Amino acid sequence: MARLSYPLDNRRFVGMMFLTPALLYILLLVGFPFLLAIAFGFSDVTVGNTDLNFVGFQNYLAVWENDIFRQVFETTIRFTLISQVFILIFANILAVIFTQNFTGKWFARFIFILPWATPVSLAMIGWLWMLDTKYSPIDYLLLQTGFLGPNGILSNNRNLFWLATPDLSQISVIFVQVWRMTPLATVILMAGLSSIPTDILDQAEVDGSRFMRTLLQIKLPLILPIMVIALLFSMITMFGDMTVVYVLTRGGPVDYTRVLGLYSFQVGIEGGNLAQGAAISLFAFPLLLAMAIFMLRTASRAEVQ
Amino acid sequence: MNARMSIVQLSGLKKYFDSVRAVDGVDLAIDQGEFLVILGPSGCGKTTLMRMIAGLEKPTAGHIEIGGEDVTDLPPRKRGVSMVFQSYALYPHMNVFNNIAFPLRAQRRELKFDKRAIRERVESTARVLEIDMLLDRRPRQLSGGQRQRVAIARAMVTQPAVLLLDEPLSNLDAKLRANARDELKDFQRSSNITAIFVTHDQIEAMGLGDRIVVMSEGKIQQIGSPQSIYDDPANEFVATFLGSPSMNILSADRFRFGFRPEHFLPKTLHDNPENSRIFHYFVKRVEYLGSDRLVYGYVHGHDNDLTLAKVPSNVRVSLDIESDYEFAVHNRDIKFFDNVSGQRIEQQSLAQAK
Amino acid sequence: MGLLSWVLHNFWALLVLLFLALVALRIAWRIHKYGATRAEFAYVLRRSPFYLVVLTFCFFAAAPFLIMFMHSFKTDGDLYRRPQPFVFRQDPTLEHLDALFNNTAYLEFIRNSVVVGIAVVIITLVLSLPAAYALARLTGRWGERAGMLMFLVYLVPPTLLFIPMFRIVVLLGLKDDPMSLIVVYPSFTVPFSMWLLSGFFKAVPPELEEAALVDGYNRVEAFLRVVLPLSLPGIISTIVFTFTLTLHEFIYGLVFIADTSQRTLSVGVPTELILGDVYFWQPLLAAALIIAIPVGLAYNLFLDSLVQGFTMGAVKG
Numbered sequence: 000m001a002r003l004s005y006p007l008d009n010r011r012f013v014g015m016m017f018l019t020p021a022l023l024y025i026l027l028l029v030g031f032p033f034l035l036a037i038a039f040g041f042s043d044v045t046v047g048n049t050d051l052n053f054v055g056f057q058n059y060l061a062v063w064e065n066d067i068f069r070q071v072f073e074t075t076i077r078f079t080l081i082s083q084v085f086i087l088i089f090a091n092i093l094a095v096i097f098t099q100n101f102t103g104k105w106f107a108r109f110i111f112i113l114p115w116a117t118p119v120s121l122a123m124i125g126w127l128w129m130l131d132t133k134y135s136p137i138d139y140l141l142l143q144t145g146f147l148g149p150n151g152i153l154s155n156n157r158n159l160f161w162l163a164t165p166d167l168s169q170i171s172v173i174f175v176q177v178w179r180m181t182p183l184a185t186v187i188l189m190a191g192l193s194s195i196p197t198d199i200l201d202q203a204e205v206d207g208s209r210f211m212r213t214l215l216q217i218k219l220p221l222i223l224p225i226m227v228i229a230l231l232f233s234m235i236t237m238f239g240d241m242t243v244v245y246v247l248t249r250g251g252p253v254d255y256t257r258v259l260g261l262y263s264f265q266v267g268i269e270g271g272n273l274a275q276g277a278a279i280s281l282f283a284f285p286l287l288l289a290m291a292i293f294m295l296r297t298a299s300r301a302e303v304q
Numbered sequence: 000m001n002a003r004m005s006i007v008q009l010s011g012l013k014k015y016f017d018s019v020r021a022v023d024g025v026d027l028a029i030d031q032g033e034f035l036v037i038l039g040p041s042g043c044g045k046t047t048l049m050r051m052i053a054g055l056e057k058p059t060a061g062h063i064e065i066g067g068e069d070v071t072d073l074p075p076r077k078r079g080v081s082m083v084f085q086s087y088a089l090y091p092h093m094n095v096f097n098n099i100a101f102p103l104r105a106q107r108r109e110l111k112f113d114k115r116a117i118r119e120r121v122e123s124t125a126r127v128l129e130i131d132m133l134l135d136r137r138p139r140q141l142s143g144g145q146r147q148r149v150a151i152a153r154a155m156v157t158q159p160a161v162l163l164l165d166e167p168l169s170n171l172d173a174k175l176r177a178n179a180r181d182e183l184k185d186f187q188r189s190s191n192i193t194a195i196f197v198t199h200d201q202i203e204a205m206g207l208g209d210r211i212v213v214m215s216e217g218k219i220q221q222i223g224s225p226q227s228i229y230d231d232p233a234n235e236f237v238a239t240f241l242g243s244p245s246m247n248i249l250s251a252d253r254f255r256f257g258f259r260p261e262h263f264l265p266k267t268l269h270d271n272p273e274n275s276r277i278f279h280y281f282v283k284r285v286e287y288l289g290s291d292r293l294v295y296g297y298v299h300g301h302d303n304d305l306t307l308a309k310v311p312s313n314v315r316v317s318l319d320i321e322s323d324y325e326f327a328v329h330n331r332d333i334k335f336f337d338n339v340s341g342q343r344i345e346q347q348s349l350a351q352a353k
Numbered sequence: 000m001g002l003l004s005w006v007l008h009n010f011w012a013l014l015v016l017l018f019l020a021l022v023a024l025r026i027a028w029r030i031h032k033y034g035a036t037r038a039e040f041a042y043v044l045r046r047s048p049f050y051l052v053v054l055t056f057c058f059f060a061a062a063p064f065l066i067m068f069m070h071s072f073k074t075d076g077d078l079y080r081r082p083q084p085f086v087f088r089q090d091p092t093l094e095h096l097d098a099l100f101n102n103t104a105y106l107e108f109i110r111n112s113v114v115v116g117i118a119v120v121i122i123t124l125v126l127s128l129p130a131a132y133a134l135a136r137l138t139g140r141w142g143e144r145a146g147m148l149m150f151l152v153y154l155v156p157p158t159l160l161f162i163p164m165f166r167i168v169v170l171l172g173l174k175d176d177p178m179s180l181i182v183v184y185p186s187f188t189v190p191f192s193m194w195l196l197s198g199f200f201k202a203v204p205p206e207l208e209e210a211a212l213v214d215g216y217n218r219v220e221a222f223l224r225v226v227l228p229l230s231l232p233g234i235i236s237t238i239v240f241t242f243t244l245t246l247h248e249f250i251y252g253l254v255f256i257a258d259t260s261q262r263t264l265s266v267g268v269p270t271e272l273i274l275g276d277v278y279f280w281q282p283l284l285a286a287a288l289i290i291a292i293p294v295g296l297a298y299n300l301f302l303d304s305l306v307q308g309f310t311m312g313a314v315k316g
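Chains as they are written, first to last, in numbering that gives the first Met the number 0: chain A, 0 to 304; chain B, 0 to 353; chain C, 0 to 316.
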C-alpha cells in the first residue's frame, strides 16, 4: 500500500500525470484539426463530397491568383495595423488613469470595461443601430448641429451612410474594433504598471521626477515587454476576427470590409467549398506565427529585470 | 542654540493610517553634519517617519522644517533631500551613468544644469564613490556592494542637504555589510552631509550613529549617543530592546529592576562586594559560546523570571548545573523601572520613598 | 410603469442631474472631513481636466449601451417615424421586452449558453487545474516549453480551425448539437485558464506545500488540500472568465449549429432575431443589453484578480 503511493511523491511523475490530460486534449483538439486543415488545403473536399482527393497546390494557387483574396488579405492587414496604433495609444492613457486612485473609479471602470465584457456579436448589434443607414443617432446629432442636411458641412444628405460607402465603412469597422479591443490591452498594461516596484516610483519622486518624466522615462520603458504582449494579443485577436464584420457589413459594400476570417467562412461554409476555405484561412498562419515569434522574442529581449 | 544649528526640525509629527497610529507625535531636531540613526523594531513607525521627511507621505498633523523652511506641504523635489532605499531602487533599464544623472535631469529647472555640467557632476560623484569604471553597466551586472555605491552616488549627485537611508545595508551579506558600514561612515564624515539612517539592527545603529533615536509604537522612546542609550536607558523598552542577550528584568513589590547579563557575575569576581547586590542564583543550564559562557537560571525569590548571566570564559569559575551560587551585580548597574509606566526611576528617589 | 415612463422621458436630464448630485455630494463630504473649503475647490479645479478625460472615454464606451437602453422601450412609431433617437415622443412600452421573452427563442438561447458554459467550465477546471499546477511547480524545462506551446495555441484564432473542426463535428454526428460546442470550446478555454491559474498557484508560498509533504501528505494530496483551498479566489475568477469566454464565442457556434432552438446567445440573437432584412430593433437591442450588464459587472468585480493572475503568470513565468 505504501509502495503504491511512492510515485505520488515523485515530482516528475506527478508533473507528467497532471500535465498530460490537458496536453493530450489540446493536441487532439487543435493539432489534429490543424493538420486536417492543411490536408483539406491540398484536396478537393466539399460539404457534399467527403472523400479526400489530393489535388496538390491547386487550391493555394487558385486562392493566390484570386483578386478578391488579395484585396481581402490586404484589408485584413490594413485594419489590424491601423487599429493597433489607436488601441496602443488609448490603452496606455487608460492604463495610467486606472492605476491611479480617484473617486468613482469603480463605476468608471465598469463603464469602460463594458465594450470588452459584452459578447462581441451582441455589442455589434448596438453599433449596427448606431451606424444605421437611416436611423443612426450619430447622424441625427450631426444633423441637429448642422454638419448634415441641406447646406451641411459634411454632406448635403441627411445621412452619412456609415456602413455603406467604401471609406466610411472601413473607418467604421476600424473604429468599432478599437472600441471593443482597447479594454483588453488596457487590462494587460494595467497588470504591467501595477507590477512596477513601488520603491522605483518612490525613488523617482525623491529624485525630483514629475509625472510626465516618470511616465515616459520610468514607467513606459519598464512595461515595454508587457506592452509587446498586449500588442500581440490584440493583433492576433483582430487578425482572426470575423464577428464584427459578419454582423456589421457581411464584408460589404462590395468587398471593402471583407476580412480573411469572413472570406474563408463565406467560401468554405456558406459556399460549401471546404478545401478552398481551409486554404484561405491557412494563408494567415505563417503570418501569425511569424508575428508571434517576433513579438515574443522582442518581449523577452526587452526583459529588463 | 541647538535649534539654530539643527537642519531638520520635526514638531508634533503624526501619521495615522485609518486607525493605525504609525507615527504618533514625534519632536526631533537633527544637527548639520550629524549621522542620526532611527532604531526600532519593525512596525514602530521609523520608515513612515523617514518617508514623511522625504515627502513621500503626507503627515496627518505636525510640521517638518528643513534648512529653516517649512516643507510640510512641499513635494520631495522641493525639499533638498535624497534617499537610498532598502532595495536601492536602481532603474533597471538605465545604465549607471543615466541612473546617477536622473535626479540632475529631473531637477534641471531647479538646479540649472546643462548637458556638460551633468556629465561632469556625474563623473566626479562616481569618482568619489570609486564607481567611475562602471558607468556603462546595467544594474543587473553589478554586485550588491556596487549597487549600493551607485544608489549613494545617485542620492549624492544633487548635493542634498539631507541624505535619507532606509536600511540600505540589509540586502548585503554579513561579510560585505561590515565593510559597507565603514565606507558609509567614512563617506559621511568626509562629505559632512547630514544623514538619517533607519534600521532595526542595533549593532548597525551602535556602529554608525552619532546619536540614536529609539522608536516604538510611533513614539520616540529615547534620544542619545550609542553609549548613553545602552548604559542609561530611559525606560524598560529601551533597556530590553538593546543588548543581546537582553537585560534581565525582575519584579519587586512597587517597581521592577533590571541588570544586563554581562554585569551579573559570581560574587567572587566582584572587587568590592559591599557596593554590590548579592543574589542567590540557581543555575539551570550553561551554554558555552567560546568567549563567554551563557548561564540560564533563576534568582531566589523570582522563580518565574528566567535570568541570564554572561560570564567570560577566561575566568576560571566552575558552574555546575542544578546548583546554587552567589552572584552579584554592582549597584550602579541595576536599573529601576516604574511598575506601570515602565519609566526609569532614580535609585535615590526609591531610597527616599523607603 | 409610471415611474419607468417618467425616468425615460427625462432620461438625459436625470443622468446629468445624478452626476452633478454625486459630484456635489463628494465635495461636501470632503469639506466636512477636511474642513478647508477654499483648498477643496482648488483641488476640484485642479483635478477637473483629469475627470474630463475619464468622462470622455466613459462616454465613448457607454454610448451604444445608453442607446440600447432607451430604445428597448420605444414604440415602433417613435422609433421609425421621423427619427428622434434621444427623447420619447410616445410613452415608453414594455411590449418588446415581453415579445423578446415570450415570442422568441431568447430564453432557449440563454439556456443553451448556460448549459454549454457550465459544462465547459467543468471540463476546463478538471483539465487545467492539475496542468496549471504542474506548470507552476512540478515540471522543469519541458514544462516551461509545454507552457509556451499552450500560450501559442491560445493565439491560434478560431478562423483557422473552424473548417476542419466542422468536418470532425459532422463526422461525430454532433452537428446542431450543443454537445459539439462543449467538446470544442476547451480548445481555447484550457490554455487560457492554465495560464491564469498557474499565475495564482505561483503566488502560494511553496513552504506551505513542503510543510504538508513533511506532515505526511503526498504531492497530490498536498495540491488538493493546501494549494487548491488557498487559491480559491483565483479559481473563482478563472471560472468567471472561462464562462464568459464561452459566452463570447461566435464562429464555432455559428458554424456548428444551424438549428434555432439549439443556438447559443451570441449566435442566436444576431441571426435569429433578424429575419432577412427585417430587424426587430427593440428586442435586439434589449437582448444585447440584458447580457452585457451582468457580464460587465462580473468582469469589473474580478478584474483585480485577473490583473494579479496575469502579472504573476507573466512576471514569474
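Hints are computed from structural coordinates only; laboratory data are not their basis. Among the hints, erroneous ones may be present.
[Said to hold, decoys possible] Pairs of lysine-lysine residues, derived as DSSO-like cross-links and limited to a Cα-Cα distance of at most 30 angstroms, are as follows: (1) B/13 to C/174; (2) B/77 to B/174; (3) B/218 to B/184; (4) B/174 to B/184; (5) C/174 to B/218; (6) B/114 to B/13; (7) A/104 to B/266; (8) B/309 to B/57; (9) B/266 to B/13; (10) A/104 to B/174; (11) C/32 to B/57; (12) C/174 to A/104; (13) B/111 to B/57; (14) B/77 to C/174; (15) B/218 to B/266.
[To be verified] Below, a sample of chain A positions facing chain C; criterion: calculated Cβ distance under 8 angstroms: (16) 14; (17) 28; (18) 52; (19) 54; (20) 72; (21) 76; (22) 293; (23) 296.
[As the list claims (entries may be wrong)] Taking beta-carbon pairs under 10 angstroms as the criterion, some of the chain B residues facing chain A (in silico): (24) 81; (25) 87; (26) 143.
This structure is a prediction, so every number in the text was calculated from the model and none was measured. Ideal Cβ placement from N, Cα and C applies to all residues, glycine included.
To see whether the hints hold, each was checked on the structure:
1. B/13 to C/174: Answer violated: residue 13 of chain B to residue 174 of chain C is near 71 angstroms, above 30 angstroms.
2. B/77 to B/174: 38 angstroms, violated
3. B/218 to B/184: 27 angstroms, holds
4. B/174 to B/184: Holds - the C-alpha atoms of residue 184 of chain B and residue 174 of chain B are around 16 angstroms apart, at most 30 angstroms.
5. C/174 to B/218: 74 angstroms, violated
6. B/114 to B/13: 41 angstroms, violated
7. A/104 to B/266: Since the Cα atoms of residue 104 of chain A and residue 266 of chain B sit roughly 71 angstroms apart, the hinted pair is violated (cutoff 30 angstroms).
8. B/309 to B/57: Not satisfied, since the Cα-Cα distance of roughly 46 angstroms exceeds 30 angstroms.
9. B/266 to B/13: Distance of about 49 angstroms is beyond 30 angstroms: violated.
10. A/104 to B/174: 49 angstroms, violated
11. C/32 to B/57: Status holds; Cα separation ~16 angstroms.
12. C/174 to A/104: 45 angstroms, violated
13. B/111 to B/57: Within the cut-off at roughly 28 angstroms; holds.
14. B/77 to C/174: 71 angstroms, violated
15. B/218 to B/266: 39 angstroms, violated
16. 14: 3 angstroms, holds
17. 28: 4 angstroms, holds
18. 52: Violated, about 15 angstroms.
19. 54: 16 angstroms, violated
20. 72: Given a least distance of 13 angstroms, the restraint on residue 72 of chain A is violated.
21. 76: With a minimum Cβ separation of about 14 angstroms from chain C (threshold 8 angstroms), the hint on residue 76 of chain A is violated.
22. 293: 13 angstroms, violated
23. 296: 12 angstroms, violated
24. 81: Result: holds, 6 angstroms to nearest chain A Cβ.
25. 87: With a closest approach of 8 angstroms, the residue 87 of chain B hint holds.
26. 143: This interface hint is violated because 16 angstroms lies over the 10 angstroms limit.
Hints 1, 2, 5, 6, 7, 8, 9, 10, 12, 14, 15, 18, 19, 20, 21, 22, 23, 26, counting from the list given before, are not met by this structure.
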